[in-house]
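K.L.:
Those sequence lines, one after another, are chains U and Z.
Note that the numbering used here numbers the first sequence so that position 20 is 836, with each residue one more than the last.
Note that the numbering used here numbers the second sequence so that position 115 is 931, with each residue one more than the last.
The hints are simulated quantities; they were obtained by calculation from the structure and are not laboratory data.
Incorrect hints may appear among the rest.
Pairs count within a copy or across copies, as identical chains cannot be separated in the list.
To be verified - Below, computed lysine to aspartate or glutamate pairings styled on EDC-like, alpha-carbon distance capped at 16 angstroms:
1) K902 x D848
2) K851 x E908
3) K902 x E887
4) K914 x D870
5) K851 x E879
6) K851 x E897
7) K902 x D821
8) K889 x D821
9) K889 x D918
Protein chains: 2
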Amino acid sequence: MTMIDNIFSQLPSPKVTSFGARSTAENEQFSDLLKRPGLHIERIVSTGQTSPPDFWYDQPTNEWVLLVQGEAKLRFADESEARNLKAGDYLEITAHRKHRVDWTPSGEITIWLAIHY
Amino acid sequence: MTMIDNIFSQLPSPKVTSFGARSTAENEQFSDLLKRPGLHIERIVSTGQTSPPDFWYDQPTNEWVLLVQGEAKLRFADESEARNLKAGDYLEITAHRKHRVDWTPSGEITIWLAIHY
């Protein structure tokens with residue numbers, strides 16, 4: 817049996833505030849695509865959210881992330897400026913390297929593929 | 817240090833034969849994106865190739881594959897017909913499940929993301 821799904825399926829609606837300002841009202845959407853021993857593949861969909869102020873992801877596992885669609889500013893605590901990511905960009909984020917999402921475009925669907933290992 | 821690369825970088829030129837027929841003259845392009853213990857992430861770029869006749873991939877590890885761009889017909893030895901894949905489709909191919917690529921479009925760049933674990 818072959819289960820085929822699509823990474824663009826069941827996307828949330830993009831959310832734009834009345835003045836085009838960034839929306840942070842709703843959360844990012846996390847979907848498990850595969851869970852196996854020592855491996856977790858998930859889709860993360862942003863529709864204009866940023867990480868809360870002073871929040872840093874501090875993850876116990878390594879992560880490889882691919883920006884499938886959209887754009888984002890990814891900030892590392894050990895760097896002074898955010899990295900600008902465009903569609904197709906990928907990078908490794910080692911365990912416990914603190915990072916946050918400084919920006920994703922409001923009213924657009926930004927899709928991340930995250931592989932935790 | 818943050819190394820950011822892009823999955824659409826350094827793509828081969830698409831190859832079309834004089835009558836628009838499928839090109840099988842050149843090989844698919846395999847690029848390692850990440851190699852870690854128990855995990856291998858690679859990009860595979862097809863430009864119209866198919867697996868050779870009667871060839872089946874028979875891999876010792878499990879694989880999760882995402883069709884990032886393009887389209888393909890993926891055939892499993894235990895199924896009578898090929899699966900039609902479009903951009904964004906993903907599936908798991910368990911170890912030793914024999915499969916082959918029956919078709920990718922000639923003159924187009926088809927990009928696979930394969931995660932071996």
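K.L.:
How do K889 and D918 come out at 16 angstroms by Cα distance, when the copy is not named: within, between, both, or neither?
P.N.:
Only inside one copy: K889 and D918 sit 5 angstroms apart there, 39 angstroms across copies, limit 16 angstroms.
K.L.:
Check K851 against E908 for me: Cα-Cα at most 16 angstroms, and say if that holds within a copy, between copies, both or neither.
P.N.:
between (19 angstroms within a copy, 11 angstroms between copies)
K.L.:
Have a look at K851 and E879 and pick one of within, between, both or neither, based on CA distance no larger than 16 angstroms.
P.N.:
Both ways: K851 and E879 sit 14 angstroms apart in one copy and 13 angstroms across, limit 16 angstroms.
K.L.:
Is it within a copy, between copies, both, or neither that the alpha carbon of K914 lies no farther than 16 angstroms from that of D870?
P.N.:
So K914 and D870 pass the 16 angstroms test inside one copy only (11 angstroms; across, 49 angstroms).
K.L.:
State whether the alpha carbon distance between K902 and D821 is at most 16 angstroms within one copy, between copies, both, or neither.
P.N.:
between (24 angstroms within a copy, 10 angstroms between copies)
K.L.:
Please work out whether the CA atoms of K902 and E887 approach to 16 angstroms or closer within one copy, between two copies, in both situations, or in neither?
P.N.:
within (5 angstroms within a copy, 23 angstroms between copies)
K.L.:
Cα distance capped at 16 angstroms. Does K851 pair with E897 within a copy, between copies, both, or neither?
P.N.:
neither (33 angstroms within a copy, 28 angstroms between copies)
K.L.:
I want to check one pair: K902 and D848. Are their C-alpha atoms no more than 16 angstroms apart within a copy, between two copies, both, or neither?
P.N.:
Classified as neither: same-chain Cα gap 23 angstroms, cross-chain 20 angstroms, threshold 16 angstroms.
K.L.:
What label fits K889 with D821 when the C-alpha limit is 16 angstroms: within, between, both, or neither?
P.N.:
between (28 angstroms within a copy, 15 angstroms between copies)
The structure fails to meet hints 1, 6 from the earlier list, while all remaining hints are met.
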